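Chemist: Read off the chains here:
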Amino acid sequence: MEAYLDNAATTKVFSRAAQKMLQMMQKDYGNPSSLHKKGVEAEQQLKETREIIARSLKVLPKEIIFTSGGTEANNLAIIGTAMANRRAGNHIITSCFEHASVHQPFLYLKEQGFDVDFVSVDSNGHIDLNQLISLIRDDTILVSIVYVNNEIGAIQNIESLVHSVKSINKNIVFHTDAVQAYGKLKIFPNKEGIDLLSVSGHKIHGPKGSGFLYIREKSKIKPQILGGGQQEGIRSGTENVPAIVGLKEAVLEYFTDHEKKIMKLYECKQRLIEQLLQIEGVVVHAISSDVQTAPHIVSVGFEGISRSEVLLHMLEEQGVFVSSGSACSSNHPGISSSLMAISVDKKFLNSTLRFSFSLETTVEEIDYAVAVLKEVLPKARRFTRH
Amino acid sequence: MNYKAFLVKYAEIGVKGNNRHIFEKALRDRILQKLSPLGDYHVVREQGRIFIECPDGYDYEDTVEALKHTFGVWGFSPVVVIEQMDWENLVESVCEYVGQCYENKNFTFKIEAKRGDKQYPITSPEICSKLGEALLKRFLDLRVDVHNPEKRITLEVRKRAYIYSETIKGSGGMPIGTAGSAMLLLSGGIDSPVAGYQIAKRGVVLNAVYFHAPPYTSERAKQKVVDLAKQLSKYTDTIRLYIVNFTKIQMEIYETCPHEQLTILMRRFMMRIAQIFAEKENCLGLVTGESIGQVASQTMHSLFATNAVCTMPVYRPLIGLDKEEIVVAAKKIGTYETSILPYEDCCTIFVAKHPVTHPNLSSIEKSELLLDEHIKELITEAVESTELIII
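Chains as they are written, first to last, in this note's numbering: chain A, 6 to 391; chain B, 66 to 456.
A couple of the hints might just be wrong.
Said to hold, decoys possible - Mimicking DSSO-like on lysine-lysine, the simulated pairs with C-alpha atoms at most 30 Å apart in a straight line are:
hint	chain 1	residue 1	chain 2	residue 2
1	A	52	A	191
2	B	313	A	352
3	A	25	A	67
4	A	213	B	287
5	A	52	A	17
6	A	269	A	17
7	B	183	B	224
8	A	227	A	171
9	B	418	A	351
10	A	225	A	213
11	B	418	A	384
12	B	183	B	216
13	A	115	A	175
14	B	287	A	17
15	A	25	A	266
16	B	313	A	384
17	A	352	B	418
18	A	379	B	287
19	B	313	A	379
20	A	352	B	287
21	B	287	A	384
22	A	379	A	17
23	B	431	A	384
24	B	396	B	295
25	B	69	B	299
26	B	397	B	133
27	B	418	A	379
28	A	63	A	191
29	A	384	B	441
30	B	74	B	195
Worth flagging that the hints you see were computed from the coordinates, not collected in a lab.
None of the values given here were measured: they were computed from a predicted structure.
Modelling step: build the complete structure from the supplied sequences, incorporating the hints.
Modeler: Here you go:
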């Protein structure tokens with residue numbers, strides 16, 4: 006049996022999305038900018054996708070800009086906003102709890118002469134609101150806070166963060182990296198006051214290479230990719246029509262009976278946590294009874310394990326696929342920054358695994374994963390360097 | 066410049082006595098083997114050298130790369146081929162060659178003529194003097210030095226004429242297949258690929274064995290070894306890479322024997338298993354990347370204890386090199402970038418904090434006695450489940 010529980014890294018593409026993509030590559034392969042029929046048809050697909058995405062967020066279709074994924078959306082949002090508003094101010098804020106595709110653009114902007122401040126989080130992974138407020142200055146132009154953290158699943162109360170920020174200065178642009186949040190939570194940028202919101206397609210059963218940035222109407226963004234002026238000049242380059250159509254199909258499916266789907270994810274999570282906590286020397290990070298975390302992420306620490314990668318491979322040998330830290334940061338050896346940010350006990354920094362679910366995760370998969378874990382854990386502990 | 070051919074020079078083969086033709090034939094075959102994926106090259110042996118005629122539309126850079134990766138090639142010269150054999154055209158072609166080949170013409174030169182076609186109306190000495198004259202007239206910065214020229218420009222007159230002067234350095238060594246075969250203990254590190262290269266360079270056919278320890282070493286660590294073997298195979302023939310699952314043997318040793326002796330004991334079992342595959346492949350020796358004193362398992366005492374289980378010669382071409390020298394060599398052969406990728410190879414988890422550096426053979430052997438018959442079963446199981454990848 007196989008249990009793929011690494012869905013925060015990526016998900017399997019929905020069949021209907023994959024089929025539609027093949028059609029777009031081999032049959033309806035027109036360039037949306039072409040004047041002829043094939044072009045018009047492709048353009049129509051983009052339009053439809055914008056509408057469907059806009060509906061899922063209750064925003065306007067023209068506020069959706071397609072990107073190559075979450076990383077590009079974050080880069081465009083952060084660098085594009087900072088560069089476009091440079092005359093208004095030179096100060097930007099983010100948290101020490103972000104994905105590399107937010108963190109790195111901030112470091113880049115720092116090099117370019119911007120003042121950057123990092124707000125910290127508490128042990129639940131929540132932004133320290135008082136600190137955030139105290140960091141805001143007259144020349145602050147951008148605040149970027151991740152919606153759902155990719156390693157431990159902590160959810161920010163974005164609405165209250167936006168409210169606090171904007172009550173000090175309504176001109177500050179608020180960006181949120183919603184790559185792990187879109188589809189997993191109900192998000193409405195207008196209601197919450199979000200100006201920019203990044204989404205990746207392959208986390209919600211869409212294809213890799215798809216994603217978008219929601220840009221509130223009239224927000225100033227300096228394009229980061231220049232060329233033929235596609236997408237109102239904000240993001241040049243022939244639109245990746247197959248990926249965009251794949252994203253459309255994924256969104257359509259994901260947001261049908263949306264609430265039920267979220268509930269199903271929470272059920273998976275509940276079931277896994279209950280069983281894990283019965284195992285000796287196992288802790289689940291960032292859960293407390295009064296705080297809700299993302300429905301699809303469970304971060305688990307194992308006592309007596311010196312390197313979680315070994316445990317990961319032991320699980321893999323029996324078809325259970327999980328991640329150590331987050332897949333994106335596992336490429337860089339080093340210690341998970343999110344775990345450090347929430348001050349997890351040092352002994353767990355190198356012995357934490359992330360289990361994450363998708364809409365296709367089954368109860369059987371979860372039970373199987375736990376059974377395998379119970380079997381290999383003693384072995385892993387025995388052969389650990391002390 | 067429109068080169069249509071290459072002239073290959075070889076050094077060491079040239080001094081072989083009666084066996085010389087065997088080496089020459091091997092070199093010709095190896096060159097053809099390296100070039101045939103690139104097109105229909107014509108490779109012939111003649112008069113103590115190898116001549117390569119390139120097909121129309123061949124890729125110059127790819128051809129040069131292939132020749133650089135062929136052991137036995139000391140150097141090679143790109144050759145311009147002239148079809149029109151009248152003297153005026155030959156003079157014009159040589160002038161054109163010099164004009165294009167050298168941007169800065171402030172050098173001394175010598176013309177060397179070889180007249181293969183004795184019917185050609187102008188003799189070699191005449192060719193030299195007339196050509197020299199023409200070049201001096203055309204390029205005013207040029208000077209003649211017949212004793213110690215900076216450039217030797219050769220014109221060969223046969224059915225067609227050939228012009229060449231520059232020599233590109235090859236890898237040297239002997240053509241693969243002119244020595245025996247050897248089994249390389251390949252890890253993901255910097256040293257072992259270099260050791261394999263050094264041995265292959267002497268004409269040895271290389272095979273390799275890698276000890277994989279899942280789940281303590283990842284798939285990526287294995288892929289890294291496959292990639293290293295691929296890079297090595299650019300110089301060698303096909304490499305038969307054996308991937309041995311070593312985990313159970315390691316665990317058995319870990320549970321039974323003193324931890325500070327683990328590495329030495331592991332290495333002894335690796336040598337034993339490598340020999341099994343070496344015999345299977347008719348190899349005449351093992352190859353390792355060991356260098357005296359580099360790590361605890363490579364002190365002379367440790368090598369002595371490891372070597373005690375080997376019944377065939379173990380070639381250690383890096384034995385007297387410093388790490389720095391090995392790194393330089395690894396960069397040169399193109400394995401360094403892969404070797405330094407950060408995937409753990411031989412599970413550090415099993416390495417003792419303070420491994421023995423001066424193991425005593427009898428104490429090691431005594432520890433090994435603790436491992437009863439069960440270890441033999443594990444070895445058999447490991448050998449039988451070994452994966453063979455042909456690279």
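Chemist: Take the hints in turn and mark each one as holding or not.
Modeler: Consistency of the hints with the structure:
no.: 1; hint: 52/A to 191/A; in the structure: 23 Å, holds
no.: 2; hint: 313/B to 352/A; in the structure: 28 Å, holds
no.: 3; hint: 25/A to 67/A; in the structure: 23 Å, holds
no.: 4; hint: 213/A to 287/B; in the structure: 26 Å, holds
no.: 5; hint: 52/A to 17/A; in the structure: 25 Å, holds
no.: 6; hint: 269/A to 17/A; in the structure: 17 Å, holds
no.: 7; hint: 183/B to 224/B; in the structure: 10 Å, holds
no.: 8; hint: 227/A to 171/A; in the structure: 22 Å, holds
no.: 9; hint: 418/B to 351/A; in the structure: 21 Å, holds
no.: 10; hint: 225/A to 213/A; in the structure: 28 Å, holds
no.: 11; hint: 418/B to 384/A; in the structure: 21 Å, holds
no.: 12; hint: 183/B to 216/B; in the structure: 26 Å, holds
no.: 13; hint: 115/A to 175/A; in the structure: 23 Å, holds
no.: 14; hint: 287/B to 17/A; in the structure: 26 Å, holds
no.: 15; hint: 25/A to 266/A; in the structure: 23 Å, holds
no.: 16; hint: 313/B to 384/A; in the structure: 12 Å, holds
no.: 17; hint: 352/A to 418/B; in the structure: 19 Å, holds
no.: 18; hint: 379/A to 287/B; in the structure: 27 Å, holds
no.: 19; hint: 313/B to 379/A; in the structure: 20 Å, holds
no.: 20; hint: 352/A to 287/B; in the structure: 29 Å, holds
no.: 21; hint: 287/B to 384/A; in the structure: 22 Å, holds
no.: 22; hint: 379/A to 17/A; in the structure: 27 Å, holds
no.: 23; hint: 431/B to 384/A; in the structure: 27 Å, holds
no.: 24; hint: 396/B to 295/B; in the structure: 15 Å, holds
no.: 25; hint: 69/B to 299/B; in the structure: 24 Å, holds
no.: 26; hint: 397/B to 133/B; in the structure: 12 Å, holds
no.: 27; hint: 418/B to 379/A; in the structure: 29 Å, holds
no.: 28; hint: 63/A to 191/A; in the structure: 11 Å, holds
no.: 29; hint: 384/A to 441/B; in the structure: 22 Å, holds
no.: 30; hint: 74/B to 195/B; in the structure: 27 Å, holds
Figure legend: structure checked against the earlier numbered hints; every hint is met.
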